[in-house]
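Undergrad: Sequence:
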Amino acid sequence: MRPEYQENLKRMTRFNEWEERSRSQLTVQAKLDQFLVLYGLWDFVPENIREKVHAEHVAALCRVQKRLKEAGELRKFNKQLNQENKQREMK
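To convert, take the position in the sequence shown, counting from 1, and add 36; that gives the numbering used here.
Any given hint might turn out to be false.
[Claimed, not checked] Using 20 Å as the maximum straight-line C-alpha spacing, the simulated DMTMM-like pairs for lysine to aspartate or glutamate come out as follows: (1) K102 x E92; (2) K122 x E106; (3) K67 x E53; (4) K67 x E55; (5) K67 x E56; (6) K67 x E83.
The set of hints was computed from the structure by calculation and includes no laboratory data.
Note that this is a predicted model, so its numbers are computed, not measured.
All chains, please: the whole structure from these sequences, using the hints.
TA: Given below as structure tokens:
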């Protein structure tokens, strides 16, 4: 693994650990307040950017759904293959 990649990974890990510690110390009310502030900021985003972000989000959801469907079909295929192999072994 390249040193730059390892350093970035360490930084991200440290940040995630710090964020988790910070979040665990917040009260439920503070978490709710943060959410409401962030949610309210969305109103200040221009409409064309909101539409673009929404379209990208929907496209990403569709890609994930397609991959999950393909994975499910692959799992079914592998299961069927295993059953056929077991039947051949029994003969």
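Undergrad: Taking the hints in turn, state whether each one holds.
TA: Hints and how they fare:
Distance hint between K102 and E92 is fulfilled; the C-alpha atoms sit about 15 Å from each other, no more than 20 Å. With a C-alpha separation of about 24 Å, the suggested pairing of K122 with E106 is violated against the 20 Å cut-off. Restraint check for K67 and E53: the C-alpha separation of about 17 Å stays at or below 20 Å, so the hint holds. Straight-line distance between C-alpha atoms of K67 and E55 comes to about 13 Å, which keeps the hinted pair within the 20 Å bound.
Distance check on the hinted pair: K67 and E56 sit about 13 Å apart at the alpha-carbon level, within 20 Å; holds. A hinted pair counts as satisfied when its Cα atoms are at most 20 Å apart, and K67 with E83 does not qualify at roughly 27 Å.
Hints 2 and 6, counting from the list given before, are not met by this structure.
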